[in-house]
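Asks: Residue numbers (the numbering used here), protein chains in the order written: chain S, 1 to 388; chain D, 389 to 542.
Honestly, the hints are just simulated from the structure, not real lab data. It is possible that some hints are incorrect.
Some, not all, of what chain D presents toward chain S, calculated at C-beta under 10 Å [stated by the list, open to error]:
{"hint": "1", "residue": "396"}
{"hint": "2", "residue": "405"}
{"hint": "3", "residue": "512"}
Bear in mind that the values here come from a model prediction, so they are computed numbers and not experimental data. Ideal Cβ placement from N, Cα and C applies to all residues, glycine included.
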Amino acid sequence: MGRAVAVIGFGQTKHGRREDVNYQELVYEAVKAALEDAGISPGDIEAIIYGSMPSAMEGINAAHLYLSDAMAAFGKPLMRVATCGSTGMSVAHSAFYHVASGSFDIVMAVGSEKMFENDPQGTMETVADPWFQRAFISGAPGVFTMQGNQYSHRYNLPEDRVREAAARISVNHHDNALDNPYAHIRVKITIEDVLKSRIIAYPTRLMDVCPSSDGAAALIFASEEKAKNFPKKPAWVKGLCYCGDEHFFGDSDKVVWESAIIPAERAYKMAGIQNPRKELDVAEIYNPFTYQELIFYECFGFCDRGEACKLVEEGVVLRGGELPCDPSGGVLCTNPIGATGLIRVGEAALQVTGRAGDRQIPGAKMALSHAMGGVDQFNGIMILGSEL
Amino acid sequence: MAKEKPKILEGSISLPYRWAIGPVFTRFFEELKDKKIMGTKCSKCNRVLVPARKFCPRCFEETTEWVQVSDKGTIRTWSLITFEFSGQPMPPPYIVGLIDLDGADVAFSHFIGGIDLSDIEKVKDRVRIGMRVEAKWRDERRGNIHDIEYFKPV
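This is chain S alone, in the form it adopts within the complex:
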């Protein structure tokens, strides 16, 4: 794993429709907040890792060139990392490895997206190869619905039961977002509202799906030596792993989903976690789609295969439960994609350092953060803890 590494600062913008600022100004807002949170100046940052969705999203290619000024990148190494939805997690991993390697002591990870500047589904569809899959991928909801349908069928689960569990996840996360001042969608909803919302791709409804958001996030990673000298409590990286599937959507199983199972298992091993449901206090799962979150509960070992609905029905993964998921409201309520994975890591860091405000899970010491990207192709995990 290399040297011990900690998160010492986190900044995020207010997410939503941010036509009040341009893209540089949006990123500046997050970077400034992260620097202030860590109590350091731009000169203390030794290297910067940046990530976003394919540049077609905003129509400015290789966006880190344009955004370099907003990241105080003058005179520093700057690189862009891109793995679609999991970009933010890849950016965090990359920053971690920079510090763990011993080459840098303080590295900043930045992610951003301005999704109201384009048609995000139109950009996402171009991620698939143009000859075989592009016509049949049909944006994120098409892919995730295929995956959800397969899940229910695999375990012969009644459609109504899965529908109800997915709706409860949506209600829980929307309630959580009310306590997160940075969240995009902050409305009180009921199960009825979810079940009556517009069908996007049957059985997926509008309130099962994340919004498009403008937003940015920045995280500052530091070596043990540096982190120990900071006044604020650091969040220690305890384990991490990232895995991918083949590009063809039909090549691998998306229910018993190896690219989600393997990184969780490896990250748990690094963190010394044997029973994730008991040893994790909170999880920030990348959940652009309620049905998919059920699959992640199983892939991450929170329950046995086919048992995810039970976790929701018993309240285990809901607020006040044994392993509350997405106390920030999650991706379901805020999704500036290039920043989204990074926000998961940042929220996990806030939780284990007791700084999550109204969304704090009392006494949280070990947190899982996760992101998923591509046409169900990539998954990454980072586990953060309160103790070195």
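Could you slot chain D onto chain S? The hints should help.
Replies: Leaving out everything else, chain D in the frame of chain S:
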């Protein structure tokens, strides 16, 4: 400075592309013109990969043995698309799916059609995972993935 609402500037990027698809995909599309769906078999893991590939992504071996698979298969999963977005292949509603073609070891992405899409309840009764489907070939085939119009219930 006057307190004006920040301006929105509009623009677009439209670029033409010429994609070299390589010899394996070229043959795959030529065979489609003859109503043949071709895969390649990995000599190491013995999986038949469809569409045909130059190499097996797991074993990283070149897959030189060509195998014709059936134009009939079983629905692995499906989704009824009812929302609109830029670059969509056709106006919604339509169904996309993964089909396990007989003789293949991976699933094939395509449309599922020949079904009344006017009412979701009807679609739910008609389309099921595990259902048998077959290719509806176009009369005029041009050597691309749309030589198959869709897969229809057998």
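Asks: Confirm or reject each hint.
Replies: Checked hints:
1. 396: holds (7 Å)
2. 405: holds (8 Å)
3. 512: holds (7 Å)
In this structure, none of the earlier numbered hints is contradicted; all agree with it.
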